[in-house]
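Residue numbers (my numbering), protein chains in the order written: chain E, 10 to 246; chain X, 10 to 246; chain H, 10 to 246; chain R, 10 to 246; chain C, 10 to 246; chain S, 10 to 246.
Just so you know, these hints were derived from the structure itself, not from any lab. Do not rely on the hints blindly, as some may be mistaken.
[What the hints assert, rightly or not] Cut-off 30 Å, straight-line C-alpha distance, at most; resulting in silico cross-link-like pairs (DSBU-like, lysine-lysine):
1. H:Lys-89 with C:Lys-89
2. E:Lys-89 with S:Lys-91
3. C:Lys-91 with X:Lys-89
4. H:Lys-160 with H:Lys-63
5. S:Lys-115 with S:Lys-63
6. E:Lys-160 with E:Lys-63
7. S:Lys-63 with C:Lys-89
[As the list claims (entries may be wrong)] Listed next, the stretches of chain R that the computed footprint assigns to chain E, with coverage defined by at least 3 CB atoms under 8 Å from CB atoms of chain E:
8. 96-110
9. 205-218
[Unchecked claim] Some chain C residues flagged as far from chain H (calculated, every beta-carbon gap over 12 Å):
10. Met-20
11. Thr-27
12. Asp-151
13. Gly-152
14. Ser-156
15. Ala-216
16. Leu-224
Beta carbons: idealized from backbone N, C-alpha and C, even for Gly.
6 protein chains.
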Amino acid sequence: MRPSGRAPDEMRPISIETHFTKHAEGSCLIGFGDTRVLVTASVEDRLPPWLRGKGEGWVTAEYSMLPRATHTRGQREAAKGKQSGRTQEIQRLIGRSLRAVVDLKKLGEHQITLDCDVLQADGGTRTAAISGAWVALRLAVDGLLASGAIKEDPISGRVAAISCGIYNGTPVLDLDYIEDSSADADANFVLIEGGQIAEVQATAEGATYDEESLLRLLRLARMGTDRIFAVQADAVK
Amino acid sequence: MRPSGRAPDEMRPISIETHFTKHAEGSCLIGFGDTRVLVTASVEDRLPPWLRGKGEGWVTAEYSMLPRATHTRGQREAAKGKQSGRTQEIQRLIGRSLRAVVDLKKLGEHQITLDCDVLQADGGTRTAAISGAWVALRLAVDGLLASGAIKEDPISGRVAAISCGIYNGTPVLDLDYIEDSSADADANFVLIEGGQIAEVQATAEGATYDEESLLRLLRLARMGTDRIFAVQADAVK
Amino acid sequence: MRPSGRAPDEMRPISIETHFTKHAEGSCLIGFGDTRVLVTASVEDRLPPWLRGKGEGWVTAEYSMLPRATHTRGQREAAKGKQSGRTQEIQRLIGRSLRAVVDLKKLGEHQITLDCDVLQADGGTRTAAISGAWVALRLAVDGLLASGAIKEDPISGRVAAISCGIYNGTPVLDLDYIEDSSADADANFVLIEGGQIAEVQATAEGATYDEESLLRLLRLARMGTDRIFAVQADAVK
Amino acid sequence: MRPSGRAPDEMRPISIETHFTKHAEGSCLIGFGDTRVLVTASVEDRLPPWLRGKGEGWVTAEYSMLPRATHTRGQREAAKGKQSGRTQEIQRLIGRSLRAVVDLKKLGEHQITLDCDVLQADGGTRTAAISGAWVALRLAVDGLLASGAIKEDPISGRVAAISCGIYNGTPVLDLDYIEDSSADADANFVLIEGGQIAEVQATAEGATYDEESLLRLLRLARMGTDRIFAVQADAVK
Amino acid sequence: MRPSGRAPDEMRPISIETHFTKHAEGSCLIGFGDTRVLVTASVEDRLPPWLRGKGEGWVTAEYSMLPRATHTRGQREAAKGKQSGRTQEIQRLIGRSLRAVVDLKKLGEHQITLDCDVLQADGGTRTAAISGAWVALRLAVDGLLASGAIKEDPISGRVAAISCGIYNGTPVLDLDYIEDSSADADANFVLIEGGQIAEVQATAEGATYDEESLLRLLRLARMGTDRIFAVQADAVK
Amino acid sequence: MRPSGRAPDEMRPISIETHFTKHAEGSCLIGFGDTRVLVTASVEDRLPPWLRGKGEGWVTAEYSMLPRATHTRGQREAAKGKQSGRTQEIQRLIGRSLRAVVDLKKLGEHQITLDCDVLQADGGTRTAAISGAWVALRLAVDGLLASGAIKEDPISGRVAAISCGIYNGTPVLDLDYIEDSSADADANFVLIEGGQIAEVQATAEGATYDEESLLRLLRLARMGTDRIFAVQADAVK
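With the rest of the complex left out, here is chain E (with noise of 0.2 Å):
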């Protein structure tokens, strides 16, 4: 039994605000239960310098937690003048995950930095977080080719992300906090709408897995990533 009470196959209510901040090209804020991540996409004309006058573009990501969003208070990274090992590999996850489905070439010289912060964290943040992302480039992307600035749609298709894991020797999908904290495995799926597969990141941590589980949990994220296409093509309608 889930501490939740959800089924195995069960996820926790999926929400996304479009637009829920002013400046920014595309903007929303995401929950997977009680887990929100405010996303924005920014769109840049200055290029990393490696990437300079070859004619095409870049989308990257950052991602924090605020210092409350947590059980217990959390040092602010700004405060300890470095982000953590975790925080580094999230971002370098986000980013990755989004390049999945753009074209860089389509994107032109224009750099898209997808900015991931966590209000309030439940489990799932990187998952919600890559979900969320894709909402937000969906729109800058509607801006640019909107405004002329690009000809062609450099996002061939959605992306989404979620987690599951082997909770007291049963394969769940959509871990939260509690289940996270005391799981036997974990495991993140980027997966592409259509069933290709961007990442899979799965992790022993109290006791190794097999084979069989491994597809089993493939199967969960399956269930779940289908669930976020349709929340995801319902917010950017």
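Position chains X, H, R, C and S relative to chain E; hints supplied.
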């Protein structure tokens, strides 16, 4: 004439949404027009080393802007590896302002940290932060009183802050971003309910100012903070 | 009664020794009683990136205390690897105060950096720094005028600063360290010769204050800066 | 065809030279083809603060590349003043992988740090590091058992890692640098002797991949780690 | 011929003004010609962790140049966020030189920090710092003896330092900035009164040198330090 | 008697294995007894800003110890976020020593960086680094000559370094770690083939020393470097 069409002594709408996040002991989302600041109050038993064993507590603050709270994206301070002078100046001001209405002995050996994160900026972020921080602090202290962790209320009254300035030669109340960018003088007032002053910071930007102007700005600030005191009272009722 | 036996409106002796170091384009050692600050003005052709090519100059300041300027040794900021919030707040204030009397267009494409290093501290280091920085700046600008590097004098008048405070319930002028440590309110005033105000920073420490007190502190500050203006005039004659 | 002329399921020669350095409690130089990683295991009694007094130990890892391990010289992280996100991600992976086969209670209050320094890089540095770290750990733990510092062997089995990828549309085993630079997908598998999985990280680079490909990569990885398990066994005999 | 017109074995005037600042337990302003270094000695009871509880003390040093001590302004190390290699090398040398004449056991559990801040530089700042540091240390230790905090004098003798070099083929004593910039070899000698050597650092800059030159430089250094010993003796009388 | 049983003028075995890594333009693993340093020479066209466009090159060095090169594990400098004063002092010495035998004009606009990474430490790591760096540099420059990138050999001769010290009152050659830890004086000599001196650094540790001792140490150093010159010659033949 003000760009927004407001009268010189007209404030923007103020909104306070309490309990905006669920983990913090106190929290609110405060809005001064389009400026929106999320404030959380975190209660901890761990005191800074120089206060341990003295039987009193501490109230401190941290401040940050999300990278895209502003018109153009700013670099994330955690990525730069340090907090700017502006950030440090503001968070010192917030902490000092709140301590002006707190009896640290009555607080007992608790530290309350007020995290003020600007989700969207349109001028007046530090004054919104101070005004919202009082609400989050009030809620957190109510919790300490309710649980019996402290016996006497350490908060002696309300504190609120507002910016005023001389815009096109006219003293005006509650500067928004456009006014702030081209004001001749820019002043932040931190006032206590009942008339006392906690802090005045009045800075010449384009042109210096005289004593009469300082007094007129202070008078406008009193009007502004009276309005904020009412909204604060309503929020914590 | 003040610990030093001074009357409430009595300043400590002020001394200014110009040309204290030989390499800088302008320099002085300023003393407010036992507080001694070495100020140098360095003229450079290299402007900050955001000002290049605009045909105007820049005036900025840096501030530091020697580790043993104070009663007990403080850690060296270069060894800690960062400047404190207090240091940054002060150096921003010094630069802003000097810019209040400089026409940056008349300065041409020169940057003048005012380095204020506290050799010995006994209260009022930031106000001594501002008052001495005006002298070093004046000397450096005289050099630019003499060499023909600039045609018109960019300095429109004198600027000086002094601290006042409420000590044991009485407004007093020019706080020394002992008074500063236990004052109820502490205010720094940056005034322009002729009566205009460049900056007011008035902070409640032990107790909040009222409008009448603010005005009395301002009146004391006028007395103090009039005295400093005379010493400055003498120093640069 | 692979640039090296290897068959899709053909690994590069693996070599392990134990006791490569004399001070460490365990050490080896591991080679996967031209990739060479020096791993040392250091046993210390000092535990991280959050583990003290719990009667259990800790296994952690650090990773670094010498500046000229690669084709072109990279900047030294100690000179830059911070570890890159890639470095932190890899050292977290190494530590987690080793902990998957260690019973921290049986290890007692000892911390073992696995330092993995890449002397020469040609693809697969993180998987070589994990595979070599097991050897260094085994040697260090043997020392603890021999000296009587611990009673029961805390290591439950072997762990090894290998990279696989989709190169020119074909799943291949043990990517070298040239393949890694242009692979469509790049996966790192950390496997336990006997068949269990400790970690899967499978990332789309040029093109996304499907479930069938993931399974074929996993099958190749099993072949690879079986070979590594044999070389490890030989090395610590 | 030397640019200053000095004879090869002629030093610049040396001046030592003791008690230059009032808070430090010992202090002086030392001048070697236009080079001026402010040295303070701070006595603290707090020892570095690795010395606590051993019944002995520690003597250490820090060194810094004010940004405009030099011909052109250098960036402030506190602003850069780190001390240069040159700074660290010099402060290690100063500490080591002073410890050569201090019996740390007799010093008892006190740490004395010698802060050497260069107010004006014209060559020889590190040797002036060492020579002045001895004076500040002597004064601080006299205070410890006078107060009874220590019983026996831990200082076994005087230490002084001077730079020599090969300038235009001729060995010369006490290099000033112009000579230092173009010397073929540059040597710093730290000598003990009575003839013993604490440190020799002799570096080829433009051309390597032979054993005979090294000995001639050492002979010049003896002349120089004998002069400094006399001025030190006079200063602390 | 020396702990190792060596005679006072007896060196440890010296070994140089060239081409230890395959990517660097020059490389060797040098051993002085159990001290082993991997040196790579990297040739780049990118010069430091202050040398660009002057038609000459630059030779510089970086130095690091692997965390467990030593008896007990040291913290990794990349993890600490800065290089120690000792590291910076050593890498400055290595660069300066090599430049003593290089004509930077003949090197043309190339920068050669010598990375010296200590794999195992047993005293004398800086002198082994200098001696090995010459070999790596020689190999890299041979490559530039062979490819026609430069026309004339910029290397004027060999440079080698060795440590000597006064151990138990006796001057000894080539200190190992045990001797180094308790020597009364510790000297590093950087000598040029043919007899010239590039650098002397002779430091009193436990006891100061006299001129006669300095000369005896220099004589030992000549014996040591003569031996190193022979091994260097053999290595690059």
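Hint check results:
Taken as a hint, the Lys-89 of chain H and Lys-89 of chain C pair is honoured in the structure, with Cα atoms around 11 Å apart against an allowance of 30 Å. The suggested pairing of Lys-89 of chain E with Lys-91 of chain S holds, with an alpha-carbon distance near 15 Å, which does not exceed 30 Å. As the CA atoms of Lys-91 of chain C and Lys-89 of chain X are separated by approximately 15 Å, the hinted pair is consistent with the 30 Å bound. Taking the CA atoms of Lys-160 of chain H and Lys-63 of chain H, the gap is near 17 Å; set against the 30 Å cutoff, the hint holds.
For a cut-off of 30 Å, the pair hint linking Lys-115 of chain S to Lys-63 of chain S stands: about 12 Å separates their Cα positions. Between Lys-160 of chain E and Lys-63 of chain E, the direct Cα distance comes to roughly 17 Å. Compliance with the 30 Å bound is thereby established for this hinted pair. Of the supplied pair hints, the one linking Lys-63 of chain S and Lys-89 of chain C holds, its CA atoms being roughly 28 Å apart against a limit of 30 Å. Requiring three or more residues with a Cβ within less than 8 Å of a Cβ of chain E, the coverage given for the segment 96-110 of chain R holds, as 6 such residues are present.
Evaluation of the coverage hint for the segment 205-218 of chain R: fulfilled, as 11 residues show C-beta separations to chain E shorter than 8 Å, against a requirement of three. For Met-20 of chain C, the condition that its CB be more than 12 Å from all CB atoms of chain H holds, with the nearest at approximately 19 Å. Residue-level check passed: Thr-27 of chain C sits 15 Å from the nearest beta carbon of chain H, beyond 12 Å. Residue placement check: Asp-151 of chain C keeps its beta carbon more than 12 Å from all beta carbons of chain H (closest about 17 Å).
Chain H leaves Gly-152 of chain C outside its interface by the beta-carbon criterion, the shortest separation being 14 Å against a cut-off of 12 Å. Against chain H, the non-interface label of Ser-156 of chain C holds: every CB pair exceeds 12 Å, the least being about 17 Å. Distance check for Ala-216 of chain C against chain H: the nearest CB is about 29 Å away, which clears 12 Å, and the non-interface claim stands. Against the 12 Å criterion, Leu-224 of chain C stays outside the reach of chain H, whose nearest CB is about 35 Å from its own CB.
No hint from the list above goes unmet by this structure.
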